[in-house]
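If you want the building blocks of each chain, they are given just below.
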Amino acid sequence: MSQSIEIKTELENKFDWLKDQVRITRENRLWLDVPADKFFVIFDYLISLAGFKELCTITGTDEGDNYGLMYHLARTDGKVLNLKTLVPKEGGSMKSIISYFPGGTIYEREINDLLGVKFEGLPPGRRYPLPDNWPEGEHPLRKGWQPDKLSKVEGIKEAGEERLNMPIGIRSEISQPTDFSLIRRRDDVQISIGPQHPALKEPESFNVTLQGEKISGIEIKLGYNHRGIEKACEQRSYIQDVYLVERICGICSHTHSTCFVQAVEEIAGLQLPKRAAYIRTLVGELERVHSHLLWLGVAGHEVGFDTLLMYTWRDREIVMDILAMLTGNRVNYGINQVGGVRRDVTAEQAADILKAVDQLEEQTKYYIEVATEEQTLIQRLSGVGKLSKEDVLKLGTVGPTGRASGVERDVRRTDPYAAYGELDFKVITSDQCDVYGRAVVRLLELMESYSMIRQVLKKLPDGPISVRAPRRIPAGEAISRYEAPRGEDVHYVKSNGTENPERVKVRAPTLANLQSVTKMLEDRYLADLPIVIAAIDPCFSCTDRLIKVEDKGLMTWEEIRQYGIEWYKKQGVDFARMTGKIGRSKE
Amino acid sequence: MLKNIFKWGLKKSLWVYHAGAAACNNCDIEILDMLTPRHDVERFGVMLVGSPRHADVLLVTGVCNRQTAPRLKRLYEQVPKPCLVIAIGSCACSGHFFRDSYNYVSPIDQIIPVDVYLPGCPPKPEAMIDAVIKAVGKIR
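Going line by line, the protein sequences match chains A and B. Mapping the first sequence onto the working numbering, position 571 (from 1) lands on 571, and the numbers just tick up by one. Mapping the second sequence onto the working numbering, position 138 (from 1) lands on 725, and the numbers just tick up by one.
Same shape as in the complex, but just chain B (with noise of 0.2 Å):
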């Protein structure tokens, strides 16, 4: 019951809070580039909080390296739960050029459970509104 409650609330108006984890900037330029004028995701509820403390999705974007992987296990752990998550780029999703990379540890999802996988090197902002709909939809 509580629970449903939970997940009724999760649906409406998406707060999300930008994760990055070594990314190059690109699926970060872009993800703020789906909240501005442009495609201005607000429209919809989504907005981008500060903390994750405040945030309902988390948007993993990078290569997840030695440094920022139990740094981003501790953003996980600081969001509330039910939350979901999005590995936003190809980067997040696989390691990309970096899979044989030294300093990468593994794919977002070893680390933290993911909801939804992006691929792109980067994603369009309307792939990751579609990616924001998908995660909506897994609620259910």
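With the rest of the complex left out, here is chain A (with noise of 0.2 Å):
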């Protein structure tokens, strides 16, 4: 508490106008509404001086007359200050923070998508995250916004089809910069990767232009995910959304449910039983213990070591066995609620957790063995997408990706949550700066979260699992991080007295850590694209088409077959001979 009321008292020796203008809900936090005029001040002031350079998310909020915006500025010591100013709904508009964050016009550009405030200096680029034949002047986060709106523009069926017919492979939005982009050359040879993929994981579209092998320009496109949870929060009861936040991610599904339910209980003032936050730490781990092991298969599979995916996902079964037994499911586990657990461990269920776990930890001894021995694996993976440690402070890049770049990171330690400030646990980092580094990172940390497993159920206390939480929380907000196993989690939550929240943000891990990748793939090869977008976990393997692109423009695709049948002609292959022979000429 003492640092940030020094933060306090610095800020209004600095600036006197800010006399009793900066809130301190609990340690760790502090709130700060600044007029629109003096933000900047503000705000270069925080960045430079007071130390705050890691920009969380931000938020866009509609407030009557005003949008209002709060930029979620953290320190490396746990502080979070939120910065918020209005910006008048009527011709008003904010400048952007490009300078000051590169990373962070993605934030900009979903507040524009989704509320419609204008930022002056943002690059044109491409949507996010609003479909591409969504109409202009619609904000689906306004507050009187409906969707049935949406049936007076055109629907999907004919926007759809409209794009169905375009060549595929070739796309006019291509030469559009998003906030993903390289530099790019006419001449390249562009292969679009996605948006679905052979193996698994949500659809994500990535264009990536090469020269030769060497990959020259990517560009990430997003939101064929969006699913449009932050609005489906605010018109559904806090116990709803607890269910909902789950279904954010089915990998990090206890994640966004703690996150949220942590921030609604700060709002409430309630304080979590002990054992019930011990609970929520266990839960917490074993999920990372499953996603781990759930990464190092994947990662196995991309380098082409899938004798690897099938021995991780064999072990992980133990896990997931163990998560179905404590709750009930084997993802999406509904353990938590506002205000506690909704189930209690027994011991005959702590000793089977046990025994799992040293057999997983056995397990993960010969993976570790597998990974700092096996000259293939270390080989393929040393030296592949390098991010350096001042790429990552500026990119804001989180969790084991940024942990492997030698940036000690982890919100667990900076700001703990649950009973992780009770724990005994190593930040685990790694100077290596690539996926060898960061496939180390993660298996270490398997070995950490094994030995809080340990700490968790020997240290459990005993005492009731939740307290009473009340149907209408009182007006107010909160801002609540978690270290999922991917990275920070954010949540922000804005409560107006109902029973229904005002506003839910949330800015998932891989949303800031896919900035990094542009970086990492920087005149990389192709094949180490399967492996580098793996690395920082969202885990996409991807073979789709190519169509080279000459001086002719764009080319449908009965062009490029009468084109390919022109070539092989001059090549002396004739396939109008040839089909005739194996009696296929009726087509």
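It should be emphasised that the hints constitute simulated quantities derived from the structure, not laboratory data. Do not take every clue at face value.
[What the hints assert, rightly or not] Pairwise CB distance ranges, derived in the manner of DEER restraints:
hint : chain 1 : residue 1 : chain 2 : residue 2 : range
1    : A       : I565      : B       : R661      : 18 to 28 Å
2    : B       : D717      : A       : K569      : 45 to 55 Å
3    : A       : F40       : B       : E629      : 55 to 65 Å
4    : B       : E629      : A       : S237      : 42 to 52 Å
5    : B       : I716      : A       : L526      : 30 to 40 Å
6    : B       : R630      : A       : A324      : 20 to 30 Å
7    : A       : G121      : B       : D717      : 34 to 44 Å
8    : A       : S93       : B       : E629      : 23 to 33 Å
All C-beta atoms in this analysis are idealised placements derived from N, C-alpha and C, irrespective of residue type, glycine included.
Build the complex from these two chains, which are given one at a time in their own frames, with help from the hints.
Take a look at the structure:
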């Protein structure tokens, strides 16, 4: 608390008009409202002198005649300062923060799309996260907005058809740069990877520009997974929202529900029972084990080491069984509720968990041995996807990706939640700065997780597992952070005294990490793309189509077919004759 | 006659293609789980393939949103017919939580024909194996 007060007095000394403006709601949380014209004075000061070098996210809110913009700035010691300003709806705009945080533009684009706030200096680019055929001027997060307005505008089918008839692989919007794009030349070969992936995971799209085998440009297109969860949260009660936010991501479902519930508890002023905090930590660490094992297998798959995939997924079943026993479901555990947890851990379950952890630890030791001694794996992963420490700090990379570049950033340590403040653990870092480092960090984190699970079960205090929570949460706001297996997850919740939240904002770790992918892939080979993307743990593996663009401009499928036939004719291969020979001339 | 040959061919060793349409990864990791050693459906010839053009069965997961709907349709058009489509998870079957969402289009079956519905959030790998078997049963 004392440090937060220090920051407050420092700010007040520096700017006397800020007297009694800074609110401290709890340890590590500061709130400050400033008028728009003085915003950048404070913003500049906080970043350059007060050490708030991390931008968690930007939250946009609809507040009557104004839009509220809240910049969540974090410091390495866990302090979060929420700097808010108001922008009038009529003719108002905000200056872009691109010069401070190059990675922050994606958050501005999101607010621009969902709320319609204009940002000056935001470079033109592809929209995010709404679909391509979304009508202009419709902003779903505005308070009075109704989805039925959409029926008036062009329907999905027609818009979809239009896109279907576009030539595959060559899309007109390719020339538009986005936040993730590198500079591109016209004569390069472009490969479009995604949105559908052969092996697993979310649909995302990558447009890769190649010179020979080297990647000269990459454009990441997001928004295929946009389901409108933030709006859906506003339409449901807090009790329903717990289960809704769990479905943001299936792999870190406990992450999101815990993060949300923590924020709600903070607003309602509920004191979480000790035992509930420990059980949340237990499930959280088991989840980390399952996620890291999953990642290890997928990484193995991406580099053609399928044995590793099969081994790790076999062992992952052990932890999945434990989670099913503990919570009742293999994924989407549904164990959290506002004010505590829903299920207790019995002594028999604890014994089973300990047995399983011993087994897993033995297996993990074997994987560590493989990772440190198997030359093929080391040579495949070393030096791939380099990301320097400076870039990590600049781009706001979080989680194991950042820790593998030597940045000791872990919310469990800097801003402890649940029972992490009472547990003894090491923050694993590596100075490798490459994919190999990321693999090692995750493997060693597994060992830390096992140790934490043992500590939790040993220290598990007696007592109730939940406190009674009111249906109506008093007006207020809170920001909650959680160290997901992939990095820092941030939830902002604002309540207005009713059963439904006023605004829920989610920043998942992958969004922060994706911005580093272009950096990692700069001047690397195409073959490294799957593993580099997988290394930040959204895990992509991909094959798709390639179409060469010569000076002919856009070509339809039929034109390309004709072009191919002509080309082969010149080489002395006549398809018309050949098809006749094998009896398919009817076509 | 030719149709029967196709059907006969489809019955043995189904190759599956996983089409994710704005899923939350939940069903997706359970599909992968079905293919890895615990359940190992490759014993029965069920294999995950990398291209819809090689597939006999399309496993569709997720809430179909405005961005993925046309793409899903295009994927379906690429699968050699006859083929089977299994809608995996409550989202794919009915929209689940996201029915009222502004970005939600319709259940999968209004975009492409669905043969087997498998609700659950997520369905267990055992249930997925059962769904594949039921789908094979439908061929006759």
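Verification of the hints:
1. A:I565 - B:R661: 18 to 28 Å: Check passed, 24 Å falls within 18 to 28 Å.
2. B:D717 - A:K569: 45 to 55 Å: holds (52 Å)
3. A:F40 - B:E629: 55 to 65 Å: Since F40 of chain A and E629 of chain B have Cβ atoms about 59 Å apart, the given range 55 to 65 Å holds.
4. B:E629 - A:S237: 42 to 52 Å: holds (44 Å)
5. B:I716 - A:L526: 30 to 40 Å: Cβ of I716 of chain B to Cβ of L526 of chain A: about 36 Å, so the range 30 to 40 Å holds.
6. B:R630 - A:A324: 20 to 30 Å: At roughly 23 Å between Cβ atoms, A324 of chain A and R630 of chain B fall inside 20 to 30 Å, so the hint holds.
7. A:G121 - B:D717: 34 to 44 Å: violated (56 Å)
8. A:S93 - B:E629: 23 to 33 Å: This hint is violated: roughly 57 Å between Cβ atoms.
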